[in-house]
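Asks: Based on the provided sequences and hints, a complete structural model is requested.
Protein chains: 2
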Amino acid sequence: MKKKKSNQLSALEGLGSEVVKQINKGKNPEIPVPIRALSNVEFDEKTKTVRLGKKISARYFFNVAHAKKFLQTLEVASISKNLLKEQKHASLRDVFYMAKRTIPGTKVNIVDEQTESDSVLEDLELITDQSREQLNVNANKNGSVAGKVVIEDKGDTIDWGRLGSGGWSIPSNVENIKFKKISAKYILYMEKAAVWERLHEDKFWDKQNCIIMSSQGQTTRGIRRLLQRLTSEFKIPIYILTDMDPWGHYIYSVIKFGSINLAHISEKMAIPNVKFLGIHTSDIEKYKLEKHLIKFKDTDLSRLKQIKEYAWFKDNKQWQKEFLEMKKLGAKAEIQALSSRGISFISDTYLPEKIKSKEFLD
Amino acid sequence: MKKKKSNQLSALEGLGSEVVKQINKGKNPEIPVPIRALSNVEFDEKTKTVRLGKKISARYFFNVAHAKKFLQTLEVASISKNLLKEQKHASLRDVFYMAKRTIPGTKVNIVDEQTESDSVLEDLELITDQSREQLNVNANKNGSVAGKVVIEDKGDTIDWGRLGSGGWSIPSNVENIKFKKISAKYILYMEKAAVWERLHEDKFWDKQNCIIMSSQGQTTRGIRRLLQRLTSEFKIPIYILTDMDPWGHYIYSVIKFGSINLAHISEKMAIPNVKFLGIHTSDIEKYKLEKHLIKFKDTDLSRLKQIKEYAWFKDNKQWQKEFLEMKKLGAKAEIQALSSRGISFISDTYLPEKIKSKEFLD
Numbered sequence: 000m001k002k003k004k005s006n007q008l009s010a011l012e013g014l015g016s017e018v019v020k021q022i023n024k025g026k027n028p029e030i031p032v033p034i035r036a037l038s039n040v041e042f043d044e045k046t047k048t049v050r051l052g053k054k055i056s057a058r059y060f061f062n063v064a065h066a067k068k069f070l071q072t073l074e075v076a077s078i079s080k081n082l083l084k085e086q087k088h089a090s091l092r093d094v095f096y097m098a099k100r101t102i103p104g105t106k107v108n109i110v111d112e113q114t115e116s117d118s119v120l121e122d123l124e125l126i127t128d129q130s131r132e133q134l135n136v137n138a139n140k141n142g143s144v145a146g147k148v149v150i151e152d153k154g155d156t157i158d159w160g161r162l163g164s165g166g167w168s169i170p171s172n173v174e175n176i177k178f179k180k181i182s183a184k185y186i187l188y189m190e191k192a193a194v195w196e197r198l199h200e201d202k203f204w205d206k207q208n209c210i211i212m213s214s215q216g217q218t219t220r221g222i223r224r225l226l227q228r229l230t231s232e233f234k235i236p237i238y239i240l241t242d243m244d245p246w247g248h249y250i251y252s253v254i255k256f257g258s259i260n261l262a263h264i265s266e267k268m269a270i271p272n273v274k275f276l277g278i279h280t281s282d283i284e285k286y287k288l289e290k291h292l293i294k295f296k297d298t299d300l301s302r303l304k305q306i307k308e309y310a311w312f313k314d315n316k317q318w319q320k321e322f323l324e325m326k327k328l329g330a331k332a333e334i335q336a337l338s339s340r341g342i343s344f345i346s347d348t349y350l351p352e353k354i355k356s357k358e359f360l361d
Numbered sequence: 000m001k002k003k004k005s006n007q008l009s010a011l012e013g014l015g016s017e018v019v020k021q022i023n024k025g026k027n028p029e030i031p032v033p034i035r036a037l038s039n040v041e042f043d044e045k046t047k048t049v050r051l052g053k054k055i056s057a058r059y060f061f062n063v064a065h066a067k068k069f070l071q072t073l074e075v076a077s078i079s080k081n082l083l084k085e086q087k088h089a090s091l092r093d094v095f096y097m098a099k100r101t102i103p104g105t106k107v108n109i110v111d112e113q114t115e116s117d118s119v120l121e122d123l124e125l126i127t128d129q130s131r132e133q134l135n136v137n138a139n140k141n142g143s144v145a146g147k148v149v150i151e152d153k154g155d156t157i158d159w160g161r162l163g164s165g166g167w168s169i170p171s172n173v174e175n176i177k178f179k180k181i182s183a184k185y186i187l188y189m190e191k192a193a194v195w196e197r198l199h200e201d202k203f204w205d206k207q208n209c210i211i212m213s214s215q216g217q218t219t220r221g222i223r224r225l226l227q228r229l230t231s232e233f234k235i236p237i238y239i240l241t242d243m244d245p246w247g248h249y250i251y252s253v254i255k256f257g258s259i260n261l262a263h264i265s266e267k268m269a270i271p272n273v274k275f276l277g278i279h280t281s282d283i284e285k286y287k288l289e290k291h292l293i294k295f296k297d298t299d300l301s302r303l304k305q306i307k308e309y310a311w312f313k314d315n316k317q318w319q320k321e322f323l324e325m326k327k328l329g330a331k332a333e334i335q336a337l338s339s340r341g342i343s344f345i346s347d348t349y350l351p352e353k354i355k356s357k358e359f360l361d
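Residue numbers (numbering that gives the first Met the number 0), protein chains in the order written: chain A, 0 to 361; chain B, 0 to 361.
Each hint should be verified, as a subset may be incorrect.
No distinction is drawn between identical chains; accordingly, a pair holds when it is met within one copy or between any pair of copies.
Claimed, not checked - Heads up, simulated DSS-like pairs for lysine-lysine below, C-alpha to C-alpha not over 25 Å straight-line:
#1 Lys-87 / Lys-206
#2 Lys-84 / Lys-206
#3 Lys-106 / Lys-287
#4 Lys-147 / Lys-26
#5 Lys-316 / Lys-304
#6 Lys-153 / Lys-179
#7 Lys-294 / Lys-355
#8 Lys-147 / Lys-87
#9 Lys-106 / Lys-355
#10 Lys-180 / Lys-153
#11 Lys-290 / Lys-206
If you are wondering where the hints come from, they were derived from the structure by calculation, not from laboratory data.
Please read all numbers here as calculations on a predicted model, not as lab measurements.
Replies: The following block contains the structure:
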């Protein structure tokens with residue numbers, strides 16, 4: 000861990016000493032920053048992730064259009080350096096308040112809005128090749144996990160299978176967790192905490208020898224990194240369970256391919272080998288859920304159109320067929336519709352059948 | 000626990016056998032249901048909670064306006080009875096899907112919208128005098144806890160002080176948790192998960208001998224019940240930490256006095272002895288946060304006006320003074336503004352000072 004820290008520190012110190020070197024040479028100090036704009040975002044067919052292109056711009060100190068952003072970049076780099084030295088973590092909001100100070104001798108604040116400090120922090124991720132989490136700045140905390148795993152975190156040994164009905168609360172930053180023992184065969188990630196509670200009560204992870212993980216709605220960065228670490232370090236397959244609707248498909252899409260917002264960090268966040276377990280359009284007839292279809296609203300239909308056109312779905316025959324079927328149905332369906340077949344139908348029948356037959360969308 | 004279960008079962012069976020008795024007597028079956036409408040909600044000065052009044056209406060089977068709701072009530076009672084017998088828990092959404100079935104020989108569903116099953120479930124809480132959680136129907140799951148407490152849940156022994164950086168993930172239903180060992184002197188509940196992570200990293204609960212608990216935004220029923228159980232069973236004081244804004248005050252208000260929506264269940268949910276630790280208007284000058292005030296928008300001002308008029312705040316001089324000061328400032332402030340004074344200022348200075356001086360709003 001110590002060695003890792005010094006990698007991050009040296010990346011930040013490298014940035015600083017490069018600026019000092021330029022000043023000593025009497026040059027206009029500059030920081031090269033890869034461009035984070037849609038024009039520089041591409042879908043990498045080889046790695047199957049949304050990535051940033053190679054366009055770079057320079058940020059100059061002696062340039063009225065750049066000066067403030069230049070200063071902000073160094074300020075946030077300095078805040079991150081202090082956090083690393085003190086071994087403390089801050090939220091984005093904390094970083095904003097720390098950077099919001101008046102430049103001595105002026106009435107100008109270094110930042111006035113959080114979007115400013117957020118933006119330079121994203122630049123810093125690129126400049127240093129370290130994720131925000133590695134720079135000790137945390138994202139939101141959300142989500143629970145249970146299953147056949149023992150970890151060590153902050154000196155505590157934690158058995159994810161011995162935490163009662165609550166499970167382990169997933170922290171925003173999972174970089175320093177050590178995995179001590181993993182006997183789970185796969186990970187089931189679902190978008191709904193209520194479904195997680197259903198499976199947990201049914202001891203699904205125990206019977207199926209797996210890990211169950213959930214947030215509520217969008218998947219936090221902490222969860223995405225936890226999923227990524229588990230699958231890349233231990234080769235555990237990941238299956239995604241969401242509602243049958245374009246919003247559920249987007250949750251899957253972000254986990255698998257990355258997102259446009261975070262294209263610059265795809266390498267650390269995208270997980271190309273996850274698979275979509277359900278709810279599939281073919282499940283509707285198979286599991287007699289016709290009665291529980293919910294008619295599309297206009298927003299659903301337009302979202303479906305958008306998603307269908309994503310570069311990573313466009314040439315995927317399986318998915319295009321799925322989108323077409325959904326359009327034909329003109330309706331969506333929720334995971335909990337399975338409860339109409341019995342409260343534990345999902346644990347006893349639906350999931351075991353799907354996992355056994357390996358009928359996933361990929 | 001077994002005894003408790005049979006209390007709930009017998010309440011539900013009592014409802015059923017009463018209906019059967021009326022049928023056998025050739026009467027029009029009726030169910031008496033306390034009225035849940037604003038006209039029947041009052042603030043009880045003695046218990047200091049928002050409560051339902053004494054108005055009751057009858058629901059008749061042979062009444063075209065009542066028949067469907069009558070049927071829905073019995074259907075949901077029957078679903079709950081089955082859950083209790085199977086010792087399983089369902090979410091509100093699950094209950095909806097289980098109740099959404101076609102009445103044999105007709106084309107009519109027992110329920111078509113979740114609002115229908117939710118509504119009769121709230122009636123059932125009143126009819127049986129059992130909370131939704133006691134009827135094995137869970138609310139949303141959210142939030143984390145850490146501190147000097149050991150519990151037993153589902154056969155697992157869980158030390159809230161030995162769970163790494165994540166903490167224990169609070170389940171939606173905390174009715175069956177057993178508290179094995181509690182050495183914490185108070186509970187600090189905060190509205191923001193990021194602040195919880197700050198305090199947790201600083202080992203605040205260890206140094207201060209307390210419990211730290213958080214959700215994100217509104218406080219779930221699971222958290223409110225957990226707070227209530229801890230304070231009523233072990234006489235542990237609870238302090239609330241929110242942003243200085245009407246939304247933060249409302250979070251406090253709901254925890255302390257209950258809410259209009261849940262007036263029928265105030266006894267089990269409201270916690271009259273909680274105190275508001277901060278952020279207070281007086282903290283702004285004292286802790287040099289003037290720079291970080293955020294100007295009111297119209298929505299903030301109108302929310303402030305509403306809250307000021309609540310029956311439980313109206314005659315409270317301390318709070319009226321606070322609302323007036325806020326109006327004068329014309330601005331709000333966030334907990335994280337304290338980070339401008341240093342990342343651990345909140346743990347090292349602000350909170351210890353507030354708790355020592357006992358400067359709370361009550």
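Asks: Now tell me if each hint is right for this structure.
Replies: Going down the list of hints, with the structure as the test:
Taking the closest pair of Cα atoms, Lys-87 and Lys-206 come within 25 Å of each other only across two copies (17 Å); inside a single copy the shortest separation is 39 Å, beyond that limit. When the C-alpha separation of Lys-84 and Lys-206 is checked against a cutoff of 25 Å, the pair qualifies only between copies, where the shortest distance is 22 Å, while the shortest distance within a copy is 45 Å. When the C-alpha separation of Lys-106 and Lys-287 is checked against a cutoff of 25 Å, the pair qualifies only between copies, where the shortest distance is 17 Å, while the shortest distance within a copy is 67 Å. In the homo-oligomer, the alpha carbons of Lys-147 and Lys-26 never lie at most 25 Å apart, since the shortest distance is 58 Å inside one protomer and 57 Å across protomers.
In this assembly of identical chains, the alpha carbons of Lys-316 and Lys-304 lie at most 25 Å apart only when taken from the same copy (15 Å versus 57 Å across copies). Taking the closest pair of Cα atoms, Lys-153 and Lys-179 come within 25 Å of each other both inside a single copy (13 Å) and across two copies (24 Å). When the C-alpha separation of Lys-294 and Lys-355 is checked against a cutoff of 25 Å, the pair qualifies neither within a copy, at 31 Å, nor between copies, at 57 Å. For the homomeric pair Lys-147 and Lys-87, the shortest alpha-carbon distance between copies (22 Å) is at most 25 Å, but the shortest distance inside one copy (30 Å) is not.
With identical chains, the CA atoms of Lys-106 and Lys-355 are never at most 25 Å apart, being 66 Å at best within one copy and 37 Å at best between copies. Proximity of Lys-180 and Lys-153 under a CA criterion of 25 Å is satisfied in both settings, with 16 Å inside one chain copy and 22 Å between copies. Within a single copy, Lys-290 and Lys-206 get their C-alpha atoms no closer than 30 Å, and across copies no closer than 56 Å, so neither meets the 25 Å cut-off.
Checked against the numbered hints above, the structure violates hints 4, 7, 9 and 11; every other hint is satisfied.
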